[in-house]
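J.: Protein chains in written order, with the working numbering: chain A, 307 to 1029; chain B, 307 to 1029.
Where hints are given, some of them may not hold.
If you only want the chain A side, here are some residues facing chain B, beta carbon under 7 angstroms, derived [claimed, not checked]:
hint : residue
1    : HIS350
2    : GLN354
3    : MET490
Here are the simulated lysine to aspartate or glutamate pairs, DMTMM-like style, with alpha carbons at most 25 angstroms apart [unchecked claim]:
hint : chain 1 : residue 1 : chain 2 : residue 2
4    : B       : LYS340    : B       : ASP469
5    : B       : LYS794    : A       : GLU472
6    : B       : LYS340    : A       : ASP469
7    : A       : LYS340    : B       : GLU687
8    : A       : LYS339    : B       : GLU684
9    : A       : LYS340    : B       : ASP469
10   : B       : LYS339    : A       : GLU650
11   : B       : LYS340    : A       : GLU1006
12   : B       : LYS339    : A       : GLU951
13   : B       : LYS340    : A       : GLU424
14   : A       : LYS339    : B       : ASP469
15   : A       : LYS340    : A       : GLU424
16   : A       : LYS745    : B       : GLU351
17   : B       : LYS339    : B       : GLU351
18   : A       : LYS339    : B       : GLU713
19   : B       : LYS745    : A       : GLU424
20   : B       : LYS339    : A       : GLU684
21   : B       : LYS339    : A       : GLU643
22   : A       : LYS339    : B       : GLU351
23   : A       : LYS340    : B       : GLU537
24   : A       : LYS340    : B       : GLU351
No lab work stands behind these hints: they were computed from the structure.
All values reported here derive from a predicted model rather than from experimental measurement.
Quick reminder that beta carbons are idealized off the backbone N, C-alpha and C, glycines included.
2 protein chains.
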Amino acid sequence: MSIGEDSGRAAKSLRALLNPRSVAIVGASHDPKKISGRILAYLHEYGQRYGFRGEVFPVNPNRDTVQGLPAYPDLDSVPGEIDCAIVVLPAERCPEAVRRCRERGVGAVMVFSSGFAEVGPEGDELQAELCVAAAGTRMLGPNCLGVVNLWSGMTATFTTALDQLELVPGPVAFVTQSGAFGSMIFAVAQSLGLGLAYLVNTGNEADVTAAEVIRTVLEDERVGSVIGYLEGMRDGERLIEAGLRALELDKPIALVKVGSTAAGARAASSHTGSLAGEDAVFDGVFRQLGIARARGMEELLDLGQIFATGRRVAGPRVTVVTISGGAGVLVADLCHEAGLTTPEWAQEWQDRIAGQIPNYGSARNPIDVTATLVAQPELLERVLERCAEHPETDVIAVVLGNVALLEDQLVAALIRAQERTTKPVVVTWVGGSGRARRKLDGSRIACFSDPGRAVRAISALFQWCQRRTDGLPFSQSPSDPERRRLGKLLLRPAMDRPERRLNEQEAKRLLNLYRLPVVEEGAAATAEEGVAVARALGFPVVVKILSAEVAHKTEVGGVRLNLRSEDEVVVATAELLARARRLGAGQPRVLLQRFVAEGLELIVGARADPCFGPVVLVGIGGFLAEVLSDVAVARAPVTAEQAGELVDRLRGRSLLGSVRGGPPRDRSAVCDLVARVSEMVVELHPLLAELDLNPVIVGERGAVVVDALVQLAPSGDTSASLA
Amino acid sequence: MSIGEDSGRAAKSLRALLNPRSVAIVGASHDPKKISGRILAYLHEYGQRYGFRGEVFPVNPNRDTVQGLPAYPDLDSVPGEIDCAIVVLPAERCPEAVRRCRERGVGAVMVFSSGFAEVGPEGDELQAELCVAAAGTRMLGPNCLGVVNLWSGMTATFTTALDQLELVPGPVAFVTQSGAFGSMIFAVAQSLGLGLAYLVNTGNEADVTAAEVIRTVLEDERVGSVIGYLEGMRDGERLIEAGLRALELDKPIALVKVGSTAAGARAASSHTGSLAGEDAVFDGVFRQLGIARARGMEELLDLGQIFATGRRVAGPRVTVVTISGGAGVLVADLCHEAGLTTPEWAQEWQDRIAGQIPNYGSARNPIDVTATLVAQPELLERVLERCAEHPETDVIAVVLGNVALLEDQLVAALIRAQERTTKPVVVTWVGGSGRARRKLDGSRIACFSDPGRAVRAISALFQWCQRRTDGLPFSQSPSDPERRRLGKLLLRPAMDRPERRLNEQEAKRLLNLYRLPVVEEGAAATAEEGVAVARALGFPVVVKILSAEVAHKTEVGGVRLNLRSEDEVVVATAELLARARRLGAGQPRVLLQRFVAEGLELIVGARADPCFGPVVLVGIGGFLAEVLSDVAVARAPVTAEQAGELVDRLRGRSLLGSVRGGPPRDRSAVCDLVARVSEMVVELHPLLAELDLNPVIVGERGAVVVDALVQLAPSGDTSASLA
């Protein structure tokens, strides 16, 4: 099914942009050197060359013909339906033009003009006008480079990247928020032989977003994977939808997301907030959905290339076939660094190829066929056949170089070998003219110029396949309306406070509702009450200031640990009550808790992310939090099993195991706790802005929440959800 | 000064290999398709093309002429001096041929034949014969591809990499242990326009090693930097020499060192040993010397390229000039990840260029000149001029793409801009035919195809320049012969024990000699003695088994912490004495120590590395050691300041600072301690195989060694040094 056909709401709504049957260009110039002329020139010239069957209508009130085509003075005089209208006028004239498009009933509109939000506040206003003008009509841009559909031969764009390219359609769709960089990437992809289905640049995203385009192009049956370049995102929900659909369809997505370090500088409202910077959330959600995160341009294309092969891997076992032992060692190193393995072949399998390889080569894996290959090129095919048969090989990685004279022979052998197996054959072709690479890519054999790049691509493919077998990345358990109602009631006390926080005792009532294990405790307003509570809890105890006004109690000296006698409790209680009074607490009280001395400190938290909504996080706590900055984030809700994946992502995960002969910690208690927190943040979204359980102490049996901070969203954001 | 002239012992000894005045080929074939014929064909053909002025003598008893040159039946009949003899005969005939070379008095010999150590045990023997045959004559190989000297036009090799290349001499020398992979890298370097001075392949290194070649080529005045590919190394000392000389001459070195993950699997003799795997030692020594460690082939070439420019950077401040805002964001991200900065330009400096850039561009840094550049290519030069003047710009990073039609103009502008400044101008040219890249590289402007690769290269250049300003990487303090003598005396007790270890008390005597702070302690053989010692130390105390036979006391339950009373000491002492007896201690004793409860646990150690000799290491200790695997290694001796650099390399370095409002730890005490340990391991080298201070507890004031393990080298290794 292609996007031209009916494929659900999302696809239909963008169909007119991605695969229009007719295109009008409002502001088309006769001069093909001008941007407003180049669009028509491209649509016309490339349309003829690549078989675009749609109609093209230049709209220009000043001429009878434009570049040889009949011109129309306005949209209304264009005959028949207009599927897509391109607006390329000075910015201030765009809103009016878009309004006319809407009134004419065009299917969709692209605004290429710049001078909107990207130029600052004055442009914001114009962009708002544009949105109002478009109203219900879908709009791409403004400040965008448009759409190239390589299957239909439609080039609705003015990027000069098209000038020197042979456009090759293929199974990879490319979506970019950056126009200029995107068209560079597009050009490189095409010159490398990476066939693309689409180039879509969303520009300022006044309406249509990159996530939405990704979601839509996935439905095109000719699209096997999507690569993209993102700078920012406001509709994370749509990206999640896209990611889920991609998993369902087995169409991998690879994205560059920039702006990762700017996030570090952002001031955060609390400790948990700063741990889970914007970038950690993107990272977490990407991992959850199996979206491969490329760190740069070439890596993005490398991933596009391996995904374009359509091959899948059953496991991490790579057999390396190399013309150079040295390159083999390097590839083995890189495989292990990337989470892949290069297991040695069993002797019987070695024997099947050993006779054909000189004695200074190797049949162990890496299989070093040596430069003898130059004299006996047929050797490659024989070895590859054995690799295809070898049951413990999941991926065949071939390293070649300095074989220019045998190029045709070796390329043919690789293509034949790939045809005879379902395993991916991934080639590193060092040096040469690039011709072999293009030929292999054309045959859907991923070919790279550097062994490290090949290995990273294989690793990404393996991770995708693993993610697919793991099943759904989110919990499917429905939320509980009654619990939700009670939870909101428990949040009420914070509503009227300026800081919109619960105090610790109130917070723990909320935790109890979600059956989160909370340390035994009791409040006291005097030293005498404190002693009574301590006696009931049993010694040793902890005493803390109990006040919504005091968020970081440790930092202000508001916590006394490990009090072993009534006398110690009397002194500590009196001191802390006095301190709380000085810090502005109206009716100072303290909280007494059983002292949990033994266990691993974790932080478990949640927040309402502005892009992705409710997220949950888990990290190493205590003094290590500062050292490790070790936190994993996921979109909520997650099951306990999925929470386990989060825990496994922590660098300090081994702290949950047996350390120095001690007993292992209760990992499953942590997973349960994280899962319940994730249910809470979903049910109380968006009222609950932030939840910070710090520390959660994990013992040999069970985990217990010792301190909790609950922060509500600012009142403006949440009035609706309080109804 | 070139290697043709006298430049000291090391250079002279390899001169005949790297820059021979005459070459004899023993086993030269008439058939240029055979390896033994190809060598002559290359030497002759490329010699003519690239101006090799030396004489070439084919030695072949079966023919009068070989490939048109007069042939000689044997070496003795060759007239005049033979500077370099190439042996290319079946392996078993090589030792005899090499012997004749030596007897004929050739300057040096290269053995290209394979069938030696690389094929296994049977080849080892033949290689030993070869060494004996060569005796005092320097020998390259066997199993090597030889030497290409691009300045003298000499191609003593049979690699087909030469077939399709235009050989371009340049300032980068390339040394490789792998023949096949090395020649692939060579070919790529040449096709990218990276001018090389040398290609040298050392093969099996029966005599001449890669480190030695690196050391030698540095002396060539036409060599500005060295890149290399290493698989293993036995003469680390020589690499250190090379590294020091490189720092002195300001000629950076970049190396790929493979085999990094194999080291992880290697069984190690103790905890410290496993922390400081072979790869960590390479990494440590490389950092110490400022040797850039490339992680793959393309990265190696990228570093070669930026070093080839000869430019140096004064600081980390990068100004990005980009045709695409999106690419600018990516570069800024990547800079920050790589330890560089992209500070925003001051308003007055922005004003100087703002007028020339459209309002949807930016003058802040990244400077986004936008696609307007396509219409006004002169804009680039004007902006680059401002960058050159801008005092807070250390590096100018330019990102271009989709500018094929303006290639010549932009390349010329970049070259002019680079000529007018001493700052590096580093270009990312996305896409295109590669022609611009070759032109820029030819003008010594580093040009990359991907922004991330450009940034990593800039970062490596910056790190080299920083390393240079840091001064010598080793301590220059002379060792103390008297202390050395006493130290050896203190090691004597371990000499006659099968496990060759000191017990804890003996070990600490050695620490005292080196003025290392040791926790107060005393030994006891009975419970009564234990109580007396404890009383003298003051409570609380620790009791441990004191025995050379028991290395890992904690694991066998041989340690009791935090004993607060005489009764506890009596019980613990009695129990541990009994346990020691069961574990095989002849005269069991225990050690009592003051219990140091507060402080950060570090591991400080040292060992005799088989490749680099005495090394010192520091790591995070306690239970975190297992979590963080956080250790930094350096070749000893280091000063306290240099030890500080080691500490700063630890991921857990912040644990030394103020954690959660606590007092900072005594960092300078740690640095002193590491420096003294480094002196010890140098003075007692190679007798002292391993020293393991674990834990060292670092408090607010001072650091104290709580436990120590001293392991001597096996007796065979050390008899000499005991004299």
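J.: Next, verify each hint and record whether it holds.
T.: Going through the hints against the structure:
1. HIS350: It is violated, given that the least Cβ distance between HIS350 (chain A) and chain B is near 20 angstroms, above 7 angstroms.
2. GLN354: Status violated, d = 22 angstroms.
3. MET490: holds (3 angstroms)
4. B:LYS340 <-> B:ASP469: Holds - the C-alpha atoms of ASP469 (chain B) and LYS340 (chain B) are around 14 angstroms apart, at most 25 angstroms.
5. B:LYS794 <-> A:GLU472: violated (76 angstroms)
6. B:LYS340 <-> A:ASP469: Roughly 47 angstroms separates the two Cα atoms, so the pair is violated.
7. A:LYS340 <-> B:GLU687: Measuring from Cα to Cα gives roughly 24 angstroms; hence the hint holds.
8. A:LYS339 <-> B:GLU684: holds (19 angstroms)
9. A:LYS340 <-> B:ASP469: violated (47 angstroms)
10. B:LYS339 <-> A:GLU650: violated (35 angstroms)
11. B:LYS340 <-> A:GLU1006: violated (71 angstroms)
12. B:LYS339 <-> A:GLU951: This hinted pair is violated, its Cα atoms lying about 58 angstroms apart.
13. B:LYS340 <-> A:GLU424: violated (65 angstroms)
14. A:LYS339 <-> B:ASP469: Outside the cut-off at roughly 44 angstroms; violated.
15. A:LYS340 <-> A:GLU424: holds (22 angstroms)
16. A:LYS745 <-> B:GLU351: Violated, because 33 angstroms separates the two Cα atoms, which is more than 25 angstroms.
17. B:LYS339 <-> B:GLU351: Given pair LYS339 (chain B), GLU351 (chain B) holds - Cα atoms ~14 angstroms apart, limit 25 angstroms.
18. A:LYS339 <-> B:GLU713: Distance ~18 angstroms between LYS339 (chain A) and GLU713 (chain B) Cα, so the pair holds.
19. B:LYS745 <-> A:GLU424: violated (35 angstroms)
20. B:LYS339 <-> A:GLU684: Satisfied, since the Cα-Cα distance of roughly 19 angstroms is no more than 25 angstroms.
21. B:LYS339 <-> A:GLU643: violated (40 angstroms)
22. A:LYS339 <-> B:GLU351: It is violated: about 51 angstroms lies between the C-alpha atoms, which goes past 25 angstroms.
23. A:LYS340 <-> B:GLU537: violated (57 angstroms)
24. A:LYS340 <-> B:GLU351: violated (53 angstroms)
Of the numbered hints given earlier, the model fails hints 1, 2, 5, 6, 9, 10, 11, 12, 13, 14, 16, 19, 21, 22, 23, 24; all others are met.
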